[in-house]
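> With these hints in hand, go ahead and build the complete structure from the sequences.
Chain order of the listed sequences is A and B. Here the first sequence is numbered in the numbering used here, starting from 19 and rising by one per residue. Here the second sequence is numbered in the numbering used here, starting from 19 and rising by one per residue.
Derived by calculation from the structure, the hints in this document are not laboratory data. These numbers were taken from a predicted model, which means no experiment stands behind them. It is possible that some hints are incorrect.
Treat identical chains as interchangeable: a pair holds within one or across any two.
[What the hints assert, rightly or not] Keeping only pairs whose Cα atoms sit at most 25 Å apart, straight-line, the calculated SDA-like set for lysine to any residue is: (1) K314 with S96; (2) K111 with D97; (3) K448 with R458; (4) K448 with A246; (5) K296 with D283; (6) K448 with E433; (7) K299 with R335; (8) K448 with G86; (9) K128 with Y346; (10) K448 with F50; (11) K314 with H95; (12) K30 with L46; (13) K448 with N79.
Protein chains: 2
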Amino acid sequence: MFESPTVDSRLKGSEFRKQSLTLRRELLQAQFKLAELDYPVIILVAGIEGAGKGALIHRLNEWMDPRGIETITFWEHSDEEESHPYFWRFWRKLPPRGQIGIFLGTWYRKPADAFLKGRMKRKEFDWHCHQIESFEQMLHNDGALIIKLWLHVSHDTQRRQLEENAPEKEQIPRVAEQPDELAGNYKKRLAIAEKLILATDTESNPWHLIEAEDRHYRDITAGNIILAAMCDRASTGLPPEPPVRDMNTAGPGTRAQPKALDTVDLSLVLDQDTYNRKLKKYQDRLQDLIWKAYRKKRSVVAVFEGWDAAGKGSAIRRVTGAVDPRLYRLVQFAAPSDEERAQHYLWRFWRQLERDGRCTFFDRSWYGRVLVERVEQFAAEREWQRAYNEINRFEEQLVNHGSIVLKFWIHISPEEQLSRFKERGAEPYKRYKITPEDWRNREQWPAYEDAVNEMVNRTSTSHAPWTLISGNDKPYARIQILKTFCKTIKRALDD
Amino acid sequence: MFESPTVDSRLKGSEFRKQSLTLRRELLQAQFKLAELDYPVIILVAGIEGAGKGALIHRLNEWMDPRGIETITFWEHSDEEESHPYFWRFWRKLPPRGQIGIFLGTWYRKPADAFLKGRMKRKEFDWHCHQIESFEQMLHNDGALIIKLWLHVSHDTQRRQLEENAPEKEQIPRVAEQPDELAGNYKKRLAIAEKLILATDTESNPWHLIEAEDRHYRDITAGNIILAAMCDRASTGLPPEPPVRDMNTAGPGTRAQPKALDTVDLSLVLDQDTYNRKLKKYQDRLQDLIWKAYRKKRSVVAVFEGWDAAGKGSAIRRVTGAVDPRLYRLVQFAAPSDEERAQHYLWRFWRQLERDGRCTFFDRSWYGRVLVERVEQFAAEREWQRAYNEINRFEEQLVNHGSIVLKFWIHISPEEQLSRFKERGAEPYKRYKITPEDWRNREQWPAYEDAVNEMVNRTSTSHAPWTLISGNDKPYARIQILKTFCKTIKRALDD
Chain A
19 MFESPTVDSR
29 LKGSEFRKQS
39 LTLRRELLQA
49 QFKLAELDYP
59 VIILVAGIEG
69 AGKGALIHRL
79 NEWMDPRGIE
89 TITFWEHSDE
99 EESHPYFWRF
109 WRKLPPRGQI
119 GIFLGTWYRK
129 PADAFLKGRM
139 KRKEFDWHCH
149 QIESFEQMLH
159 NDGALIIKLW
169 LHVSHDTQRR
179 QLEENAPEKE
189 QIPRVAEQPD
199 ELAGNYKKRL
209 AIAEKLILAT
219 DTESNPWHLI
229 EAEDRHYRDI
239 TAGNIILAAM
249 CDRASTGLPP
259 EPPVRDMNTA
269 GPGTRAQPKA
279 LDTVDLSLVL
289 DQDTYNRKLK
299 KYQDRLQDLI
309 WKAYRKKRSV
319 VAVFEGWDAA
329 GKGSAIRRVT
339 GAVDPRLYRL
349 VQFAAPSDEE
359 RAQHYLWRFW
369 RQLERDGRCT
379 FFDRSWYGRV
389 LVERVEQFAA
399 EREWQRAYNE
409 INRFEEQLVN
419 HGSIVLKFWI
429 HISPEEQLSR
439 FKERGAEPYK
449 RYKITPEDWR
459 NREQWPAYED
469 AVNEMVNRTS
479 TSHAPWTLIS
489 GNDKPYARIQ
499 ILKTFCKTIK
509 RALDD
Chain B
19 MFESPTVDSR
29 LKGSEFRKQS
39 LTLRRELLQA
49 QFKLAELDYP
59 VIILVAGIEG
69 AGKGALIHRL
79 NEWMDPRGIE
89 TITFWEHSDE
99 EESHPYFWRF
109 WRKLPPRGQI
119 GIFLGTWYRK
129 PADAFLKGRM
139 KRKEFDWHCH
149 QIESFEQMLH
159 NDGALIIKLW
169 LHVSHDTQRR
179 QLEENAPEKE
189 QIPRVAEQPD
199 ELAGNYKKRL
209 AIAEKLILAT
219 DTESNPWHLI
229 EAEDRHYRDI
239 TAGNIILAAM
249 CDRASTGLPP
259 EPPVRDMNTA
269 GPGTRAQPKA
279 LDTVDLSLVL
289 DQDTYNRKLK
299 KYQDRLQDLI
309 WKAYRKKRSV
319 VAVFEGWDAA
329 GKGSAIRRVT
339 GAVDPRLYRL
349 VQFAAPSDEE
359 RAQHYLWRFW
369 RQLERDGRCT
379 FFDRSWYGRV
389 LVERVEQFAA
399 EREWQRAYNE
409 INRFEEQLVN
419 HGSIVLKFWI
429 HISPEEQLSR
439 FKERGAEPYK
449 RYKITPEDWR
459 NREQWPAYED
469 AVNEMVNRTS
479 TSHAPWTLIS
489 GNDKPYARIQ
499 ILKTFCKTIK
509 RALDD
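Encoded structure:
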C-alpha cells in the first residue's frame, strides 16, 4: 500500500504560494457555509512520527478561520480518561455541528501502539478495528463528515525529519527516553498502519493517503482533500444510508415483535413484613457489594425505565438509600441543552458516566430514542431504527471496559396507572408528579407498548440484558430490583 | 461556639413523622417555585466525621424531587482536579440556575485538613478563608442562595456513631488506614472548624449550626433551615448589594480615569528584515520556554483583547506557530450556550482552562464583561462594576496556583481601523472578517475607549499586568507580543 508514489509529489515554493492563496480562499468559503449546516467536520491527521503531522496542523490553522475550528490532541492521558471506557475521551472532545475538529492522536493510537508493543493480541486488535469502524459509521450516520488523512514518508525522510527537529524532540519526555524506538520500528509500524487502514477504509469514511515527502505538496494535497470533501458534502448532502443490519432480530420493519411485556406476571405482591425484612437484607447486601465494586474499580451503570407512575423514583430511592453518596450519582433528563443538541444523541449520556468504581443511575436514559422519540416522532424512523444497534454497541463498550450494566423496565397495567394518577392528583405533595403530558402519554399506551416490546427484543443482549419488573405492587417491584442488583453485581465481581 | 446546646435537641419518632410530612410538602413547593426562578441553591453539608452528613443527605434526597437536585461529593481527587487551581473542581460542579446542588466535601475541606496536619501555616489558612469568603460572596452577588449547614455532635456521640457505622467505615480506605485519627482529633478539629466558620460567617452567606445528636431533630432542623431560606429568598429577592470595594482605584463611579491608551505610541514601526529576524528569534525562544514551562508544570493563560481589526488573529497565529499543538488550546468565544447562561459569567472561562503545563490562549475573554457587555448594556452597571474585583480575584487564583498570566490589549488608531475595514471589504478571502457589527462597534469608539481605560486601570495588577501593544504597524505589534511572552515566562520560570 505504501510502496511507491505514482505521482510527482513535489511542489516549488512559488507554485505553493500561488496555489495556497486560492486554496485558502476556498477553504474559508467552505467553512462559512459549514457554519450554517447541521453537521460537524472531523479531520484526523495520522501518520508515523516525523511525517509532519504537527506542521500540517499549523498550516490548516493558518489557512482557516480560527472561529469554528479546534485542534484536539491526545497524548498524555489523565486518570479521568483512563477510568472511563476508551472512547469516552474522544466523545467529550467531539466538535459540535457546524464546526471543525482536527484530531492529532486519534482513536487509532491505542490499538496501533499496543499491537506494536505486543500488548495486544490479534483478536483484540481486530475487535478494536471493528469498534473504530462502527464509531465512525455512527457519527457518519448522524451527519458528521469525517476526513481521514494518513501522511506517508519514506524511512529516510522520517529519519531526516526526526533529526532536523531533534532539539524540539528532546523535549518530549516520551521520545527522549527511547530516541531510536520511533525510527527503528518503521517497517513494523507501517505494517500495522496498513492493517488498521484497510480494516477501516469504508465507503462512508475513506482514508486519504498523502505523500508527505515534500511539505508544500503535503499541505496543498491535504487542503485540497479537505476542500473537496467539504464542498462535496455541502452540495450533495449525506449519501443514502445503507439498510440497518442487526443480528439480534429478524431485521427492522419486522412488525410482529414477540410481546415481552405480556410475559410479566402483574399479580405478584409482597406483604409489608416480608417487604421490610427483605428491604433491610438486600440494602445491606447491596451496600457491601457497591463498596466491593469500588475497591475492584468496577463501575455500575443502571438504567431505570418504565411507564409513567410505575414507581421509578421510589424504587431508585430504595437503591440509592443503600449507597454511600460519595459512590453514586443519579442523573435525570430534562430537555437537551443546546450544547447537547449540537451532538450525536448519545453524547449527553456519555458525558454523564461516572468514573471506574462509582455508580451512575439513569432515571430515564438513551432508551428515550426508541421510546418517546419514536412514539412522538421526535426522531425519524431511520434514526430510531439504527439506534438499537448504536445502543447495543455503546453498552458493549461499557461492559468491555468492566462496567456492570443493569436495565430495568418497571411494568404496570393501564388500570394501575389510572388509579395512581388519580391518587397523585389528590395528594398535595404528590401533585407535582402528574402533568398534562402524563395524560397524553397514557393515550399512546398501545404505541408505547409496541416500542417497549421492540426495545426489549432488540437490546436485551447477553452482556446487558433487560430485567422486566412486575410493578403493580410497589414493594414487590422494589425488592425485585434490589435483588437483581445484588445478584448481577455479585456475579460480575465473582467472575 | 460549640459549647452546650441551649435547646432541646431531641425529637420523638411520631413527632418526626408528623413534622416531616408537612416539611416535605413545603420543601417540594419551594423547589417548584425555584425552577421558575433565576438562581441556583447551593447547600453545604459540613461537620466532623460521624456527625451524620451522609444520612442527612439521604434524607434530603428522599424529601425533595430528584429532578432538579444533585448531590455533589468531593473526596478522591482526579489528576485533572489536582492540575487546576483549587476552585476549578467546584466551579465545574456548580448547579445551574433553578436547581439545587448539595455539596458533601466542600471548599472548606482543604484548609481544614491541611491546617490540622500542620501542612498549612496560619497565614495561608487565613488567605484560604478569604478566598472562600469572596468565592461565596461572588456567587451570592450573582443570585445564588448558599445555605451552609454545620452538623455538631459531642465527642461521645461521634465515637458512638463511628463505631455503629464501623463495618461501612472500614470500607473507606482513607479511614481504614488510621482508624483512630478521626475521633482522636476531635477537639483540634472543632477548634479549626470554629476558626473557619467565624471567618466565613457573613451576612450574605451565614452558617447554620445544627445540634446533630439526635437524627430526627437534625433532619427536621436542617429541612426547616433550608425551607426558610428558600421561601425567604423567593419572596423578598436578593438583598441590596453592598457598595463595591476595590483597592486598586479611587472607587467605582470615578469618571476621570487615567487615560492609559493615550500613553501608547502608535508611530512605532518595524522594517520587514528586522521583523523576519526577530520573529524567528522570539519564536524559537518561545518554543523552548513553553516546553520548559511544561516540564515545570506551569500553565500559561494568555488573553488577547483589542479593537476590531487590530490584528489579534494574526498576532495569535505568530504565537501559536511557535507552540507544539499538543501544548496549547486556542479558545474563541461565540454567544454563550444555554448551559453557560445558567451559570455565573466566569463559569464559561473556568471550564476552558487547560491543565498544568499547557497553554490556554483566549481570543477575547472574561474582559468582555467590562467591555462589550458594559458598552452595549448587556450587563447592568452593578454587574460590570463588581466584575473588576471578580476578575482580579480570578486571576489571583490562577497566579497563586502557578499559572503565568498574560494580558494584551492591541491598540490602533480609529484611522488605521477604517483603512483596514476598507481593505478587508476589498479582499475576497478576508471579507468574512468584516461584519455590520464591526461598523456599529466603530461608532461606539469613545465609549469603548472609556471602558478600556477603566479596565486597564482597575485590572492591571502586580500579579497580572496588562501589556498595551502599539498596533498600527502589525509587524511591530507581533514582535512586542512575542517578546513579552518570552520575558514574562522566563521571569516566572526563573523565580
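> Give a verdict on every hint.
So, going through the hints one by one against the coordinates:
In this assembly of identical chains, K314 and S96 lie within 25 Å of each other by CA distance both inside one copy and across copies; the values are 19 Å within and 17 Å between. In this assembly of identical chains, the alpha carbons of K111 and D97 lie at most 25 Å apart whether taken from the same copy (16 Å) or from different copies (18 Å). For the identical chains of this complex, K448 and R458 are intra-copy neighbours only, at 19 Å inside a copy versus 53 Å across copies, given an alpha-carbon limit of 25 Å. Taking the shortest alpha-carbon separations for K448 and A246, only the inter-copy value of 21 Å comes in at or below 25 Å, while the best intra-copy value is 58 Å.
Only within a single protomer do K296 and D283 lie at most 25 Å apart by alpha-carbon distance; the minimum there is 20 Å, versus 81 Å between protomers. Taking the shortest Cα distances, K448 and E433 sit within 25 Å of each other inside one copy (19 Å), while across copies they are farther apart (67 Å). Taking identical chains as interchangeable, the C-alpha atoms of K299 and R335 lie at most 25 Å apart only when both belong to the same chain, with a minimum of 16 Å there against 64 Å between chains. Proximity of K448 to G86 under the C-alpha cut-off of 25 Å is restricted to the inter-copy arrangement: shortest distance 16 Å between copies versus 46 Å within a copy.
Taking the shortest alpha-carbon separations for K128 and Y346, only the inter-copy value of 22 Å comes in at or below 25 Å, while the best intra-copy value is 29 Å. For the homomeric pair K448 and F50, the shortest alpha-carbon distance between copies (12 Å) is at most 25 Å, but the shortest distance inside one copy (51 Å) is not. With identical chains, the CA atoms of K314 and H95 are at most 25 Å apart both within one copy (21 Å) and between copies (18 Å). When the C-alpha separation of K30 and L46 is checked against a cutoff of 25 Å, the pair qualifies only within one copy, where the shortest distance is 24 Å, while the shortest distance between copies is 73 Å.
Taking CA atoms no more than 25 Å apart as the test, K448 paired with N79 passes between copies only; the shortest distance there is 15 Å, against 56 Å inside one copy.
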